[in-house]
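S.K.: So the protein sequences, as listed, match chains Y and Z.
Quick note, the first sequence lines up with residues 1 to 273 if you use my numbering.
Quick note, the second sequence lines up with residues 1 to 273 if you use my numbering.
Hints were generated in silico from the structure; no laboratory data involved.
In this text, all values refer to a predicted model and were calculated from it rather than measured experimentally.
Heads up, some of the hints might be wrong.
Any copy will do: because identical chains look the same in the list, a pair fits if it lies in one copy or spans two.
[To be verified] Cross-link-like lysine to any residue pairs, in silico, SDA-like; alpha carbons within 20 Å at most: (1) K19 - I29; (2) K12 - E157; (3) K139 - E271; (4) K19 - G163; (5) K12 - S161; (6) K139 - A23; (7) K12 - Q160; (8) K19 - S161; (9) K12 - F159; (10) K12 - G163; (11) K12 - S156; (12) K139 - V265; (13) K19 - R256; (14) K12 - P266; (15) K12 - A23.
Protein chains: 2
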Amino acid sequence: MKTHADQDVLGKVNIIRIKGETAHSEEDIVVREHTLSLYLDGRLYTQMLCTPQHLQELAVGHLYSEGVIRSMREIAAINQPHACAVEITRHAPDSKAVHTSDAAAAPARTVTTGCGAQKSGAYAQLAERMQQPLPIAEKFSLRDIMEQARAFQSQSELFQSTGGVHACALFEGQEELFFREDIGRHNAFDKVIGAALLQNVALPGKWLLTSGRVPSDMIIKAVYAALPLIVSRSAPTLEAIEMAQAQQITLCGFTRGDRTNIYSVPERFEERM
Amino acid sequence: MKTHADQDVLGKVNIIRIKGETAHSEEDIVVREHTLSLYLDGRLYTQMLCTPQHLQELAVGHLYSEGVIRSMREIAAINQPHACAVEITRHAPDSKAVHTSDAAAAPARTVTTGCGAQKSGAYAQLAERMQQPLPIAEKFSLRDIMEQARAFQSQSELFQSTGGVHACALFEGQEELFFREDIGRHNAFDKVIGAALLQNVALPGKWLLTSGRVPSDMIIKAVYAALPLIVSRSAPTLEAIEMAQAQQITLCGFTRGDRTNIYSVPERFEERM
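Chain Y extracted, bound-state conformation (with noise of 0.2 Å):
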């Protein structure tokens, strides 16, 4: 069985990095992500948002952590063009062992485009949506956000309690909306979102705080939201930077004290730079 070449997984991005009064343009080095499709038989199973090295790796363990296969031997083969499709044979040579209920020798489930298809329903209604990038119509100030965040920093109890939580918060100018924690960060986004609009409040135009990092996928919910600006505390990735920059959001990441990176579209700023 060969082992997948590593792609590249590093990119360069032109940057504005704030700290305190000095703002500087120079080149920047953030981490590639790729979208591994894992075909299961023949079938669609999962996509997952990964980093693109070991990809072998990744959908053998990944089968392996949800009981999928309980070893190699019930790996049939391994191909992987772009995408990663695995035959696993039907009656495992193992499945006579510790586990011998029908149920484990069976394929651990039904293998249906659910999971994929979910994401391709999404990315499908996006590609509308990607046509209009967003406006620069209201501008914000970066002095001021820089506020927010540092507030926002503070204001999580949850983490402050036990260290284990992402939070987010909706902004509507200088006045916070919304603030959400979850262990997860795409649940504390969504969370935000669905608060607002089970009390109709209008989305865009608002703005956003997030603890987590950033990849590709928190820049959908941006653009489903038509939110501007994405400021958060951690870093993003080179595929969130071009969307944000296609789309026309703000995005600033390792936003801490009085320090902060601007990987697209400054101009939203007041401030020169």
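Please build the complex by placing chain Z on the supplied structure of chain Y, with the hints as guidance.
M.R.: Using the frame of chain Y, we list chain Z on its own:
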């Protein structure tokens, strides 16, 4: 529409807190998790591991972020006994608005149990494994493990250049077998497991270092691989701790410098506590 009352989000556990040469038993506060089953028009759409607050918001925000709904007008009803059941209108009032393609007017996707079954499938097989907690055969040296944790921290090249990845390493005693990084903590875990499988390295008895948080889905992965020791730089959830205790997996969190918290099965360490 009623907002779901907040459930308890914090739990108390007894831990052993290590700092340098000292070990103290104390009570600690950890975050709780909840598995939200989201039903769409009567069929299981997805299951999400989340913090047990604002579950309606999570359901609505998730459907919006995935492009399933475009506004609250598309939601006919939300019921939430234990799971979260959403009914969406087939012909949304605003479906004639901006997005008028047939694909947009129809429900976003064929909703199957694919995503939910994924987890259910894993859980069904897990129940089998769970009948056999891991024996406390081999003992580990906490001193050696914390030394490995310090080395692990400085090992991540991708993290050091981008700040945007999680890392995982699999060890046999003091020997590091595989070190993998990914934008997803689950992916990094799956990659070390996949690496071991692909290189025919037996998993039982090995132990794992992770940079990421440890909810119960990470412990499930450890149960499948029969790993007796999981050491994290970050926080576990209450449910992860309970599962680790039940399975006799030793779980350490907040392992940084000369500090760590032991959440379960300290007997696996050679050192007297």
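S.K.: Are the hints correct? Go through all of them and say.
M.R.: The hints, checked one at a time:
In this assembly of identical chains, K19 and I29 lie within 20 Å of each other by CA distance solely inside one copy; the values are 18 Å within and 35 Å between copies. When the C-alpha separation of K12 and E157 is checked against a cutoff of 20 Å, the pair qualifies only between copies, where the shortest distance is 15 Å, while the shortest distance within a copy is 36 Å. For a Cα distance limit of 20 Å, the shortest separation of K139 from E271 inside one copy, 9 Å, qualifies, whereas the shortest one across copies, 59 Å, does not. With identical chains, the CA atoms of K19 and G163 are at most 20 Å apart between copies only, with a shortest distance of 18 Å across copies and 27 Å within one.
For the identical chains of this complex, K12 and S161 are inter-copy neighbours only, at 11 Å across copies versus 37 Å inside a copy, given an alpha-carbon limit of 20 Å. With identical chains, the CA atoms of K139 and A23 are at most 20 Å apart within one copy only, with a shortest distance of 18 Å there and 53 Å across copies. With identical chains, the CA atoms of K12 and Q160 are at most 20 Å apart between copies only, with a shortest distance of 15 Å across copies and 34 Å within one. Within a single copy, K19 and S161 get their C-alpha atoms only as close as 30 Å, which misses the 20 Å cut-off; across copies the closest is 19 Å, which meets it.
Taking CA atoms no more than 20 Å apart as the test, K12 paired with F159 passes between copies only; the shortest distance there is 15 Å, against 32 Å inside one copy. For the identical chains of this complex, K12 and G163 are inter-copy neighbours only, at 14 Å across copies versus 32 Å inside a copy, given an alpha-carbon limit of 20 Å. In the homo-oligomer, the alpha carbons of K12 and S156 lie at most 20 Å apart only across protomers (18 Å), although the nearest pairing inside one protomer, at 33 Å, exceeds that limit. For the identical chains of this complex, K139 and V265 are intra-copy neighbours only, at 11 Å inside a copy versus 55 Å across copies, given an alpha-carbon limit of 20 Å.
Taking CA atoms no more than 20 Å apart as the test, K19 paired with R256 passes inside one copy only; the shortest distance there is 10 Å, against 28 Å between copies. Only within a single protomer do K12 and P266 lie at most 20 Å apart by alpha-carbon distance; the minimum there is 18 Å, versus 45 Å between protomers. For the homomeric pair K12 and A23, the shortest alpha-carbon distance inside one copy (19 Å) is at most 20 Å, but the shortest distance between copies (45 Å) is not.
Violated hints: none; the structure is consistent with every hint.
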